[in-house]
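S.K.: Sequence:
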Amino acid sequence: MGFNDMATIRPDMAAQFSRTRNGDLTPQDVVAGTGKRLWWECQDCGFEWDSTGDVRANSKRGCKECARKAK
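Those letters in the sequence shown? Residues 7 to 77, by the numbering used here.
Please keep in mind that the hints were generated in silico from the structure rather than gathered at the bench.
Model, not experiment: these values are computed from the prediction.
Any given hint could turn out to be false.
Think about it this way: if two alpha-carbon atoms lie no more than 30 Å apart in a straight line, the pair counts; the simulated DSSO-like pairs of lysine-lysine are [said to hold, decoys possible]:
1) Lys42 - Lys66
2) Lys66 - Lys77
3) Lys75 - Lys42
4) Lys70 - Lys42
Required output: the full structure, derived from the provided sequences and hints.
M.R.: Written out as structure tokens, the structure is:
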């Protein structure tokens with residue numbers, strides 16, 4: 007592992023990194039605060055959404071579908 011990649015710094019985000027929709031990218035290839043649009047997959051309900059790494063890293067927002075169901 008690296009020293010500033012997403013897998014090392016933000017394993018919580020790396021766990022939601024979509025392995026199927028991000029092509030050849032892995033959490034070891036990007037920093038958590040990247041401005042690159044990435045795909046995320048909820049570990050609870052399986053919902054997938056796209057968002058930049060910086061938005062995910064700097065907000066408390068997670069799965070939109072789980073948040074909608076909780077209301």
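S.K.: Does each hint hold? Answer for all of them.
M.R.: Hint check:
no., hint, in the structure
1, Lys42 - Lys66, "holds (18 Å)"
2, Lys66 - Lys77, "holds (16 Å)"
3, Lys75 - Lys42, "holds (28 Å)"
4, Lys70 - Lys42, "holds (19 Å)"
When each numbered hint is compared with the structure, no violation occurs for any of them.
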